[in-house]
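Novice: Construct the entire structure; sequences and hints are all you get.
Protein chains: 2
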Amino acid sequence: MMKVKELFSQASDYLDQEVTISGWIRNHRKQKDFGFIDFVDGTCFPSLQIVYDTSVVDFEGVQKLHIGSSICVRGKFVSSVGKGQNYEVQATEITLLGDCPEDYPMQPKRHSNEFLRSQAYLRPRVNLFRAVFRIRSVAAMAIHTYFQDRGYLYVHTPLITTTDCEGSDQMFKITTFDFDRLPMKDGHVDFSKDLFGKKAYVTGTGQLHGEAFAMAFRDIYTFGPTFRTEKSNTKTHANEFWMIEPEMAFCDLNGLMDIEEEMLKFVISYVMERCKEELQFCDQFVENGLLKKLQQVVDTKFIRITHEEAIQILKDAKITWEFSPEFGEDIQKEHEKYLTEYFHGPVFITNWPKDIKAWYMKLNPDGKTVAAVDLEVPGAGELMGGSQREEDYEKLVTRMKEMGIDREPVEWFLNLRKYGTCVHSGFGMGFERLIIYLTGVTNIRDVIPFPRTPGNCDF
Amino acid sequence: MMKVKELFSQASDYLDQEVTISGWIRNHRKQKDFGFIDFVDGTCFPSLQIVYDTSVVDFEGVQKLHIGSSICVRGKFVSSVGKGQNYEVQATEITLLGDCPEDYPMQPKRHSNEFLRSQAYLRPRVNLFRAVFRIRSVAAMAIHTYFQDRGYLYVHTPLITTTDCEGSDQMFKITTFDFDRLPMKDGHVDFSKDLFGKKAYVTGTGQLHGEAFAMAFRDIYTFGPTFRTEKSNTKTHANEFWMIEPEMAFCDLNGLMDIEEEMLKFVISYVMERCKEELQFCDQFVENGLLKKLQQVVDTKFIRITHEEAIQILKDAKITWEFSPEFGEDIQKEHEKYLTEYFHGPVFITNWPKDIKAWYMKLNPDGKTVAAVDLEVPGAGELMGGSQREEDYEKLVTRMKEMGIDREPVEWFLNLRKYGTCVHSGFGMGFERLIIYLTGVTNIRDVIPFPRTPGNCDF
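Line by line, the protein sequences give chains A and H. Here the first sequence is numbered in this note's numbering, starting from 6 and rising by one per residue. Here the second sequence is numbered in this note's numbering, starting from 6 and rising by one per residue.
Just so you know, the hints here were simulated from the structure itself, not pulled from any lab data. Be aware that one or more of the hints could be misleading.
Copies of one chain are not kept apart here, so a pair can be met inside one copy or by any two copies together.
Said to hold, decoys possible - Straight-line distance between alpha carbons at most 30 Å, and here's what the computed DSSO-like set of lysine-lysine pairs gives:
hint, residue 1, residue 2
1, Lys423, Lys8
2, Lys35, Lys342
3, Lys306, Lys281
4, Lys69, Lys423
5, Lys114, Lys423
6, Lys204, Lys236
7, Lys406, Lys362
8, Lys203, Lys190
9, Lys88, Lys306
10, Lys270, Lys362
11, Lys240, Lys320
12, Lys362, Lys10
13, Lys198, Lys240
14, Lys281, Lys297
As the structure is a computational prediction, the values presented were derived from the model and not from experiment.
Specialist: And the structure:
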């Protein structure tokens, strides 16, 4: 059996040949003596037109075929004289495989994204999600290809952890206990009786484990699911999402930015090459100018400024801010937006005030800032966040004390600074944020196959 | 800065040139007027020999360099006259970047795998794990490449679920509650107050969600982490591992076997091509004959027999079984072993007794067996398990009733059989089992970066 993708991509081979294809009816227009079926088999974005007339086997039965049904079509693959497509199949036989009742929710009309979320198991069949989830799949492959072609090791860092140094409030607790029969000891749940003999969590980062592997393989990356318990019902928050966390030994902050920039350009180019129709659809129906925006990122040299310079630019701007930009403080969404518009492209902001960044980041010689970098992109804000890591044992321990981080559970991580430490850097990129950027879709719920958000864990 | 991998792969370009490389000291042999450093930078399996003599900057300091330290080497890349390597670097300058104390646990000697597990954050630096984790990374890429090149959609199915139809005993429960302040209602924990408003779990399969996507994209695959709560301390069980679950619409049991066979051969060939040195190491030190075994699988047409035929072969064997083989019953490890030896290669066993298989498998016309298939491979037993799925709504509902499966939480999954159902099939492959097979390593703890097993969740 052929696939529609093959027919289109090797059209000259199949032209005027008999073909057999199986797939689904997206639409069905019936005339008295003939009919048109809008047919997809899932292998490519464009649909294939099936034409039949009274010569088809069981013409009357064929005319009754419902939208959503699965069918097997035998016929001749020919050039189309109709508008809107280059090829069509003149059917000699159309066999019903699986019927679909007329109350099928995915009728060919405009549905709201809210409605489609309530039909998460069916929405992959409509154009928006056929585009978004193909782009998601190809973008994932782009990331693997970028890193593997450059010799990076793909590490599956663990999700289950007994270390709560991320702040256990932000982590889901996991247990094998029956909640109706929790073993107690001294008035508390006795986790020594749980599967791992300790209280356990699912983690929100693979960075610490990634660093251990970078100290052996030099260049590594992770790519896996991540969990946050945030009770935040915004367009950009989900409780389960995917992250990419590369970590490179013998790489400083400038080297890190080089990699981030090269990777992003590679991924965009890779997707633009392989998802032409899907991106055109998004450009037309989701974000006007999407393709131009993406091409611009590929063609632009990213700007690199310090946090201090960024604040100065914001202060100099003749704008009434909702949040006044201040040296030594974090920047807000409105500031990110202004900066990317100011530079007409992506901007790296480096050397952040130490007190608003994580404990493991490399302290700069000024004693006030850390060698951290955020990448801000036009239209989406922060896309990646990274830093050079503090590779000095004593400095790291001092910083942990200052910030009140418990060292016991990460003693092994500190030891990486004892046994052949070296300059190293890494970054994290939320995969959904990349997909939002690549598709123009604005709600994270619409780029995740089955999104999990507060109050929502159906399907 | 160059990488050792580049020096080796483009040796003729670098020959007799000055190079600068950073990496770690694996071994250091000192003589009165010269010395040899066994040097790695993590980018490739073979180490590079660094030679120095009294002409090196600070000869005395260099002689004091410890094993495990990170260093930067400047020198000339030359052909080696010594045994055991083709190239070496004649150092003019060796700079210490990060020292390593003499109590460094990874001294160059033989360590037991048990000891190395207790040093999980350092063990990626020793040869066994440099080989295993590189093979793991490349095998992951092989899988992505196989499916993406053939148009499959990579789907990130959710891990968090509120559906317990897998049997909630086998799933971790997750919660955001503080265990010391669980909200109660009528004597039970009140999960309506938890993040998702329901009791939630982390799942052990993405199959059901994968099927929803196969009904839209035809060919899909998942590749992600999976969790089981099994309190089983064997060589083959871990509580967190990775799974691949492809699902194909318009594909029957024979088509499924074709794909499984082609995929496995592709992955083996891909890894053999890209991990020559790593596999040679495993062949020499882990499993003698490994390379021959793998090549044989690539060259062999896999056998296909029914469960009934398999039982007959086992009954006919002149062997005293620990577990007597019986029609209608499951087969044991000893039986798997015998069958793969009997056929000198991988064996597909099809059409299993329905009562020992899952509820969603396609009932055969005999009413007694299901269209399931297990792939047994020499030396590792079951590597993949799959089936044609029951695509008939009524038959599936009947089977669920018989087996006492609650349909309410999977009503959406049943609906896939209502809206354009079709013949479809899928399989699951435990990624660690594949890595065990590819490396010859026998304990699952040694193919997972940071394994989680009962009582063990350190690091």
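Novice: Is the C-alpha distance from lysine 35 to lysine 342 at most 30 Å within one copy, between copies, in both cases, or in neither?
Specialist: Neither way: lysine 35 and lysine 342 sit 50 Å apart in one copy and 59 Å across, limit 30 Å.
Novice: Check lysine 281 against lysine 297 for me: Cα-Cα at most 30 Å, and say if that holds within a copy, between copies, both or neither.
Specialist: within (13 Å within a copy, 44 Å between copies)
Novice: Within a copy, between copies, both or neither: which one fits lysine 114 and lysine 423 at a CA-CA cutoff of 30 Å?
Specialist: between (63 Å within a copy, 20 Å between copies)
Novice: Treating 30 Å as the Cα threshold, decide for lysine 362 and lysine 10: within, between, both or neither.
Specialist: neither (48 Å within a copy, 35 Å between copies)
Novice: How would you classify lysine 406 and lysine 362 at a CA-CA limit of 30 Å: within, between, both, or neither?
Specialist: Only inside one copy: lysine 406 and lysine 362 sit 15 Å apart there, 55 Å across copies, limit 30 Å.
Novice: At most 30 Å between C-alpha atoms: does lysine 203 with lysine 190 qualify within a copy, between copies, both, or neither?
Specialist: Classified as both: same-chain Cα gap 13 Å, cross-chain 27 Å, threshold 30 Å.
Novice: Between lysine 198 and lysine 240, at a C-alpha cutoff of 30 Å, which is it: within one copy, between copies, both, or neither?
Specialist: Between. Shortest inter-copy distance 22 Å satisfies the 30 Å Cα cut-off; intra-copy 40 Å does not.
Novice: Between copies, within a copy, both or neither: which fits lysine 204 and lysine 236 at Cα up to 30 Å?
Specialist: This pair counts as both: shortest intra-copy Cα distance 22 Å, inter-copy 16 Å.
Novice: Checking an output row: lysine 88 and lysine 306, CA cutoff 30 Å. Within, between, both or neither?
Specialist: Intra 42 Å, inter 48 Å, cutoff 30 Å: neither.
Novice: Given a CA cutoff of 30 Å, do lysine 240 and lysine 320 count as a within-copy pair, a between-copy pair, both, or neither?
Specialist: within (29 Å within a copy, 62 Å between copies)
Novice: When no copy is named, should lysine 423 and lysine 8 be tagged within, between, both, or neither for a Cα gap of at most 30 Å?
Specialist: Between copies only: 23 Å across chains, 57 Å inside a chain, cut-off 30 Å.
Novice: When Cα atoms must be at most 30 Å apart, do lysine 306 and lysine 281 count as within-copy, between-copy, both, or neither?
Specialist: within (24 Å within a copy, 39 Å between copies)
Violated hints for the displayed structure, listed by number in ascending order: 2, 9 and 12.
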